[in-house]
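A.B. asks: So the chains spell out like this:
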Amino acid sequence: MSEQGMIAGFIVAVATGFLAKRFYRSYGAPILADFLLKRGKVSAAMKIRGKAKPACGGDCGCD
Amino acid sequence: MTVDKLYLGGMKKGDRALIVATGGPIEIRRRLLEMGFLEGSVVEVIHEAPFGKDPIAVRVRGTLLALRRNEANYIEVHLEVA
Amino acid sequence: MSVNESALPLNEQARSPRFALAGNPNCGKTALFNAITGGRQKVGNYPGVTVERKEGFFTRPDGEQVRILDLPGTYSLDAKTPDEEISRDVLLGKISDEEQPDVILAVADATSLERNLGLILELRALGRPMILALNMMDLARARGAVIDLEVLGRELGFPVFPTVAVNGDGVEPLLAQAMQIAHAAKLSAEKSPAADWKNSTPNEVRDRFATVDAILAKAVKRSARPLIWSEKVDRIVVHPVWGSIILLFILGVIFQAIFSWAALPQEWIEKGVGALGKSVAGLMSVGPLRSLLTDGVIAGVGSVLVFLPQILLLFFFILLLEDTGYMARAAFLMDRVMGKVGLHGRAFIPLLSSFACAIPGIMATRTIENRRDRLTTILVAPLMTPSATLPNYSLLIAAFIPNTAVFGPVRLQGLVMLGLYAGGVAATLGMAWVFKRTLLKGVKPPLLMELPTYKVPSWRNIFFGLRDRCWIFIRRAGTVILAITIILWFVASYPKAPEGALLPPIDYSYAGRIGHAIEPLIRPLGFDWRIGIAFVPGMAAREVMVSALATVYAIEGKDEEATGRALSEVLKSQWSVATAVSLLVWYILACQCLSTLAVTRRETNSWRWPLFMFSYMTALAYVGSFITYRLCVWAGL
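Chains as they are written, first to last, in this note's numbering: chain G, 10 to 72; chain R, 1345 to 1426; chain Z, 564 to 1200.
What the hints contain is simulated information worked out from the structure, not anything from laboratory work. Check each hint, because a few of them may be wrong.
[Claimed, not checked] Distance windows between CB atoms, simulated:
no.: 1; chain 1: G; residue 1: GLY18; chain 2: Z; residue 2: SER1136; range: 42 to 52 Å
no.: 2; chain 1: Z; residue 1: LYS761; chain 2: R; residue 2: LYS1357; range: 33 to 43 Å
no.: 3; chain 1: R; residue 1: PHE1395; chain 2: Z; residue 2: LYS795; range: 15 to 25 Å
no.: 4; chain 1: G; residue 1: GLY14; chain 2: Z; residue 2: ASP1070; range: 48 to 58 Å
no.: 5; chain 1: Z; residue 1: LYS657; chain 2: G; residue 2: LYS30; range: 30 to 40 Å
no.: 6; chain 1: Z; residue 1: PRO1058; chain 2: G; residue 2: LYS47; range: 38 to 48 Å
no.: 7; chain 1: G; residue 1: PHE19; chain 2: Z; residue 2: ASP1070; range: 41 to 51 Å
no.: 8; chain 1: Z; residue 1: ASP625; chain 2: G; residue 2: LYS47; range: 32 to 42 Å
no.: 9; chain 1: Z; residue 1: LYS1018; chain 2: G; residue 2: GLY37; range: 44 to 54 Å
no.: 10; chain 1: G; residue 1: GLY37; chain 2: Z; residue 2: SER1136; range: 18 to 28 Å
Cβ atoms here follow ideal geometry from the backbone N, Cα and C, with glycine treated the same way.
Looking at chain G on its own, in the form it has when it is part of the complex (with noise of 0.2 Å):
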């Protein structure tokens, strides 16, 4: 792979991973915690549940 094709391919996944992150952060999580809760697995689920952010975060500038 040449050189720019490498810094690239770098930058995409960065983006890939952030999208990702996001993703996760707004919608998995809660999901999962959701889960976790219908499990028993009470205090797993509050970890995760702390971590999660409602889907808007400032997006779009909720006022």
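Please arrange chains R and Z on chain G, whose structure you already have, making use of the hints.
C.D. replies: Same frame as chain G, now just chains R and Z:
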């Protein structure tokens, strides 16, 4: 001597009245009271909306409030002679 | 919590005092907040719920930092709505992760004490250290009010300070005293037990106001005269004929301004982006990185940034109308129509503010008590043309609608934009009517809304509001949109075309294949596979559609010239008018925001409703675009 009850919902622009009783289902009644529609307060109809003269804007306890006539009909009043 | 705590070092946070601002709506609380914090604030959410949380901080001359929370304006602490519940719970210290505020900074409108004091008395009953800012004192004095602040303070049991928040008068003495109270409270070190709150009965409410009257009888020598000029203005504004004309005129001005005033700054941004692209291209040889930067990042994100001036203008007008108090009159005028479709009168203003973003509109439904009304409003809120659609509209209008004059300064582009927004409102009303008739039959919701006195707008408020908006827009463009565009670039550039290929390279990429796969579905609507590619990320965030199209066409463009051309020119040469109009209709009706769906899920506590929202809106958009396209083709466009 029976007097027909008069309600805020039936008043016209420019009418002034004294609130005698605020009724209605508890949620609405509490809201009305909170906003200032208390017994003993004076209420005056300032505006009527276009398209059917509903809703109306009234002044009570120093505030201009808009409400529909059917909501206003929870408020019983005595017409003040101007 | 989503508050940026890096402003204070960790060990300071435990010790820095916390204030909470509480008061009726329209009492100038926000102006006071801005005056105190100088606009240094962060908007976020309370943990677990989507009630908006606004926190700021300020530094005292002695270096002490204080955090201050702006609670939602309410008429009473009796929790009928989540907004009021949160206010009450925060003050009681019942929210986990949220420290109980040390001092309550109550705010009351000096021209309207008979009502404002009701909440103040409720706050007093909480038993927390308190201080009262009597705001709008200038207006009260101008209207002949004479208030004995000492007597008032004595009757209430805590100090009262006059303020004029919009120019900052009286803020310093207020804060100085508040700091003293905070220190004294810290010294006494007692944590008042989390008192329990019971909603008041109607009789208790009556008693409370009787107390208010008694206090006012002692402290107010003369209350403020009613503002006659305000009513005179209203007589025209609310007049059946003049009122509607004024409303239309204002709307016309707004949408016209969005095009004409923004045109010059937009040109600058466009030129800047184009120049940036050319220079980057000149810096490196042909290769993936160069393509990523020019076709992806610069073309993509740049095409969205171009619309910043327009969005700022839109917000400027929204803030201006809100600040002066006109919005409430617009709601009053429109209520008959709103009421007919079963929409809640008080939801109208937040819905109007949804022209900024559907999410505040959805969150504002928290003031609606009836579940069915609330659901209906939530379901139709996204149809109210969120500002993120503005780039989408603007792009197509710029490309396909000529800038001909219609009458006076009004030009066709502005009119079409206004028409599109009107279409959004019509769709909102129409769907609300449908829902109220079918799925969510319910009683007609009450109106009961305050018409605040007209105010000279606070330019400081507006400036801070715009500054926040600008930052939010740029941040979103620089993060989410940038990331999506980068990924899209990758997906649209690879795999590369094989040797001797006949079709343009993009056809062979993942994106191209997906686009071609979608195409049969959308061809009846007049859309091709390129639009199909842009749809996928466009569903996540509206504006991404613009940057996605920019990237797709940039990658596709074979010659160096093409990448520099404005996207609108490219579209004009490639699409038919029918396609453009059909796409516009799609934009009005389609659900293109994952965040909206997520907030809906939160507010309704189930996946059923967001799923339903997505389905009905997609179906609506499909049918709408289909009909539009067929009509346009038949009309020869």
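A.B. asks: Starting from the hint 33 to 43 Å, judge whether the C-beta atoms of Z/LYS761 and R/LYS1357 obey it.
C.D. replies: Since Z/LYS761 and R/LYS1357 have Cβ atoms about 40 Å apart, the given range 33 to 43 Å holds.
A.B. asks: Given a hint of 15 to 25 Å, does the C-beta separation of R/PHE1395 and Z/LYS795 actually sit inside it?
C.D. replies: 22 Å, holds
A.B. asks: Taking 30 to 40 Å as the stated bounds, is the beta-carbon spacing between Z/LYS657 and G/LYS30 within them?
C.D. replies: 32 Å, holds
A.B. asks: Take the C-beta atom of Z/LYS1018 and the C-beta atom of G/GLY37, compute their distance, and say whether it sits inside 44 to 54 Å.
C.D. replies: Holds, at about 45 Å.
A.B. asks: Z/PRO1058 and G/LYS47, beta-carbon distance inside 38 to 48 Å?
C.D. replies: 42 Å, holds
A.B. asks: Between the beta carbons of Z/ASP625 and G/LYS47, is the distance compatible with 32 to 42 Å?
C.D. replies: Hint violated: Cβ distance 52 Å, outside 32 to 42 Å.
A.B. asks: Hint says 41 to 51 Å; check whether the CB-CB distance for G/PHE19 and Z/ASP1070 agrees.
C.D. replies: Hint violated: Cβ distance 27 Å, outside 41 to 51 Å.
A.B. asks: Against the range 18 to 28 Å, how does the distance between the Cβ atoms of G/GLY37 and Z/SER1136 compare: consistent or not?
C.D. replies: Taking Cβ atoms as reference, G/GLY37 and Z/SER1136 lie about 42 Å apart, which means the hint is violated.
A.B. asks: Would you say the C-beta atoms of G/GLY18 and Z/SER1136 sit inside 42 to 52 Å of each other?
C.D. replies: 33 Å, violated
A.B. asks: Does 48 to 58 Å hold as the CB distance between G/GLY14 and Z/ASP1070, or does it fail?
C.D. replies: At 22 Å between Cβs, range violated.
Going through the hint list in order, the structure does not satisfy hints 1, 4, 7, 8 and 10.
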